[in-house]
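Protein sequence lines correspond, in order, to chains A and B.
Just add 69 to wherever you are in the first sequence, counting from 1, and you've got the numbering used here.
Just add 69 to wherever you are in the second sequence, counting from 1, and you've got the numbering used here.
Among the clues, some could well be false.
Intra- or inter-copy, both count: the list cannot distinguish identical chains.
[What the hints assert, rightly or not] Pairs of lysine-lysine residues, derived as DSS-like cross-links and limited to a Cα-Cα distance of at most 27 Å, are as follows:
1) Lys89 <-> Lys173
2) Lys200 <-> Lys262
3) Lys140 <-> Lys173
4) Lys87 <-> Lys200
5) Lys270 <-> Lys99
6) Lys127 <-> Lys87
7) Lys213 <-> Lys147
8) Lys140 <-> Lys219
9) Lys147 <-> Lys219
10) Lys205 <-> Lys256
11) Lys244 <-> Lys140
12) Lys99 <-> Lys140
Just so you know, the hints here were simulated from the structure itself, not pulled from any lab data.
Just so it is clear, the structure is predicted and the values come from calculations on it, not from any experiment.
These are the residues of each chain, in order.
2 protein chains.
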Amino acid sequence: MAKKIVHSKEDVLNTEAKIKQAAQAVFMRKGYAATRTRVIAEESGINLALINYYFRSKENLFNLVMLDCMKGFIGGLKQILNREDLSLEEKLGEIVAHYLSMFKSQPDLPLFILHEIRHNPNGIVNTLGMKQTLTKSHFYQQLKAEGPPKIDPMHFLMNIIALTVFPFIASPLFKIVGDLDDANYMKMMNDRKKLIPIWMKQMLQK
Amino acid sequence: MAKKIVHSKEDVLNTEAKIKQAAQAVFMRKGYAATRTRVIAEESGINLALINYYFRSKENLFNLVMLDCMKGFIGGLKQILNREDLSLEEKLGEIVAHYLSMFKSQPDLPLFILHEIRHNPNGIVNTLGMKQTLTKSHFYQQLKAEGPPKIDPMHFLMNIIALTVFPFIASPLFKIVGDLDDANYMKMMNDRKKLIPIWMKQMLQK
DNA sequence: AAATAATTTAAACAAATGATTAATATATTT
DNA sequence: AAATATATTAATCATTTGTTTAAATTATTT
Numbered sequence: 070m071a072k073k074i075v076h077s078k079e080d081v082l083n084t085e086a087k088i089k090q091a092a093q094a095v096f097m098r099k100g101y102a103a104t105r106t107r108v109i110a111e112e113s114g115i116n117l118a119l120i121n122y123y124f125r126s127k128e129n130l131f132n133l134v135m136l137d138c139m140k141g142f143i144g145g146l147k148q149i150l151n152r153e154d155l156s157l158e159e160k161l162g163e164i165v166a167h168y169l170s171m172f173k174s175q176p177d178l179p180l181f182i183l184h185e186i187r188h189n190p191n192g193i194v195n196t197l198g199m200k201q202t203l204t205k206s207h208f209y210q211q212l213k214a215e216g217p218p219k220i221d222p223m224h225f226l227m228n229i230i231a232l233t234v235f236p237f238i239a240s241p242l243f244k245i246v247g248d249l250d251d252a253n254y255m256k257m258m259n260d261r262k263k264l265i266p267i268w269m270k271q272m273l274q275k
Numbered sequence: 070m071a072k073k074i075v076h077s078k079e080d081v082l083n084t085e086a087k088i089k090q091a092a093q094a095v096f097m098r099k100g101y102a103a104t105r106t107r108v109i110a111e112e113s114g115i116n117l118a119l120i121n122y123y124f125r126s127k128e129n130l131f132n133l134v135m136l137d138c139m140k141g142f143i144g145g146l147k148q149i150l151n152r153e154d155l156s157l158e159e160k161l162g163e164i165v166a167h168y169l170s171m172f173k174s175q176p177d178l179p180l181f182i183l184h185e186i187r188h189n190p191n192g193i194v195n196t197l198g199m200k201q202t203l204t205k206s207h208f209y210q211q212l213k214a215e216g217p218p219k220i221d222p223m224h225f226l227m228n229i230i231a232l233t234v235f236p237f238i239a240s241p242l243f244k245i246v247g248d249l250d251d252a253n254y255m256k257m258m259n260d261r262k263k264l265i266p267i268w269m270k271q272m273l274q275k
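When you get a sec, could you build the whole thing from the sequences and use the hints?
Written out as C-alpha cells, the structure reads:
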C-alpha cells in the first residue's frame, strides 16, 4: 500500500488519528456500551462510514483505544519502577505524582480501565509482561532488599495504588461527603502527593 | 394437573419483586447501558411487557435498584460508625470486615456504584444525609476527640475506604500481576481484615 | 355466578444503532 | 493527461431494543 500522506496542510491529524482521538475521549467518558459511533463521528468531524472504513467495527476500534490506554497507564509506572537513581521512598513520591498529573487531565481514565477490564474480559488486555513488569523491576528488588518482609509486596503494591487511584475514582462521592468543590478537592489530591509516601513508609516499619 | 397458586401475596416473590431482583443482578453485572430489558425478563422468568407494566421504564427501574444499592452500601457503614460500644480501632476492624463480607457475595457492587454515579449524574443519588451520616457519627466524634488532628479526617476516611474497597474493584488486575487464583486472592482479602486497621492506626500516630 | 378489576401474554411498533453500499471526490501512479 | 487507487459522502440496511397495544387469563368484588 502507498505511503500515507496528509491530505491538506491544515490537517494536523489525518482521519485515522482524528477518529482514534475522538473515540478515546468518548469511550472514556461514556464507557463502551453507552458510546455511539455517531458521536465519535461528530466529535472527530468525519463521516460516520469512515469509522468502519478505517477500523472495521466499533469493537475493534475500542480494543485499539483500550490497548493505548493500558500502555500509557502501565508504561509510565514501569519507567519509574526501574529508575535506578531513585530510592524506594523517592519512587513512591514519583509514582503518586505521576498518576496525579495523569488523572488531573484524564479523570475518567482509571474507572474506564477498571470497568472495561471487568466487563469486557475478551477485550485485549495486555497482560503479557504485566507481572514481570513488577517482579523484575528495580523497585521490587529494593523492596526485597529491605530485609525480612515487613509487609507482603503484593499488599504494598495494592495499597499505594489504592491510596493514589481510588480518590479519583470515587471523587463524586467524596466531594459530596466532604462538601468540596472541584478546586478544594484538587487541593486535597495535591496534598496526597506528600502524604501518601509518608503513610507508605510507615507501612514498611514494623 | 394441580393448579398453581399465583397472584397471591403469599408467593415467595411476587412479580414485582422478581423483576427487581433480576434487574439488580443484571444491572450490577453489565452496567446500565449494556443491560437489556429482555435479559431481565428472562432471568426473572416473566414476560417482557411486565417490566414496563410495573416499573414504567428501564431507567425508572434502574433508579429504584440503584437507590436500594446505595442504601445497603451506606446503611451498614452508618450503623458501625455509630456503635458507641466500639473504640475507634474496633470500628476500623468492623468496617473492613463489613465490606469484606459484602463484596464477597457481591463483587460487582462497588464498581457498579462508582461507575453509575459518574456516568448517570441525573440518577437518584441519595446524597441527602450522606454528609451528615459521617460528620454526626460517633466515629467522627471519636476522631476529633483524639486531640489535635494528626490526620485530616477526610484523608482518613478516603484511606480506609480506598484500602478496603479498591482491591475488590481492581481484582482482575491484581490477580494478573500477582498471579493469584480466586482462592488465593480471597485469602489476601481476608488478611487485610487484620492488616488495614494496623495501617490505619499508624496513620493516626505522628 | 356475573361483573369488574388486575395481571399476563404474544405481537408489533418506532426509534436507535452498527454496518454497508454505491456513487462521488481526491490523490497517486502510469 | 489518462488511468488507477484511495478517501469521502449520503443514503440505506438489518438488527436491536425499549416500549406499547390489544387480547387473553386470572383474581376479586358484587
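Comparing the hints with the structure gives:
Taking the closest pair of Cα atoms, Lys89 and Lys173 come within 27 Å of each other only inside a single copy of the chain (21 Å); across copies the shortest separation is 38 Å, beyond that limit. Taking the closest pair of Cα atoms, Lys200 and Lys262 come within 27 Å of each other both inside a single copy (26 Å) and across two copies (25 Å). Taking CA atoms no more than 27 Å apart as the test, Lys140 paired with Lys173 passes inside one copy only; the shortest distance there is 18 Å, against 30 Å between copies. In this homomeric assembly, Lys87 and Lys200 never come within 27 Å of each other (Cα to Cα): the closest approach is 33 Å inside a single copy and 43 Å across copies.
Proximity of Lys270 and Lys99 under a CA criterion of 27 Å is satisfied in neither setting, with 37 Å inside one chain copy and 38 Å between copies. Taking the shortest Cα distances, Lys127 and Lys87 sit within 27 Å of each other inside one copy (15 Å), while across copies they are farther apart (34 Å). In this homomeric assembly, Lys213 and Lys147 come within 27 Å of each other (Cα to Cα) only inside a single copy, at 17 Å, whereas the closest approach across copies is 40 Å. Proximity of Lys140 and Lys219 under a CA criterion of 27 Å is satisfied in neither setting, with 31 Å inside one chain copy and 38 Å between copies.
With identical chains, the CA atoms of Lys147 and Lys219 are at most 27 Å apart within one copy only, with a shortest distance of 24 Å there and 33 Å across copies. For the homomeric pair Lys205 and Lys256, the shortest alpha-carbon distance between copies (24 Å) is at most 27 Å, but the shortest distance inside one copy (35 Å) is not. Within a single copy, Lys244 and Lys140 get their C-alpha atoms only as close as 30 Å, which misses the 27 Å cut-off; across copies the closest is 18 Å, which meets it. Taking CA atoms no more than 27 Å apart as the test, Lys99 paired with Lys140 passes in both settings, with 20 Å inside one copy and 25 Å between copies.
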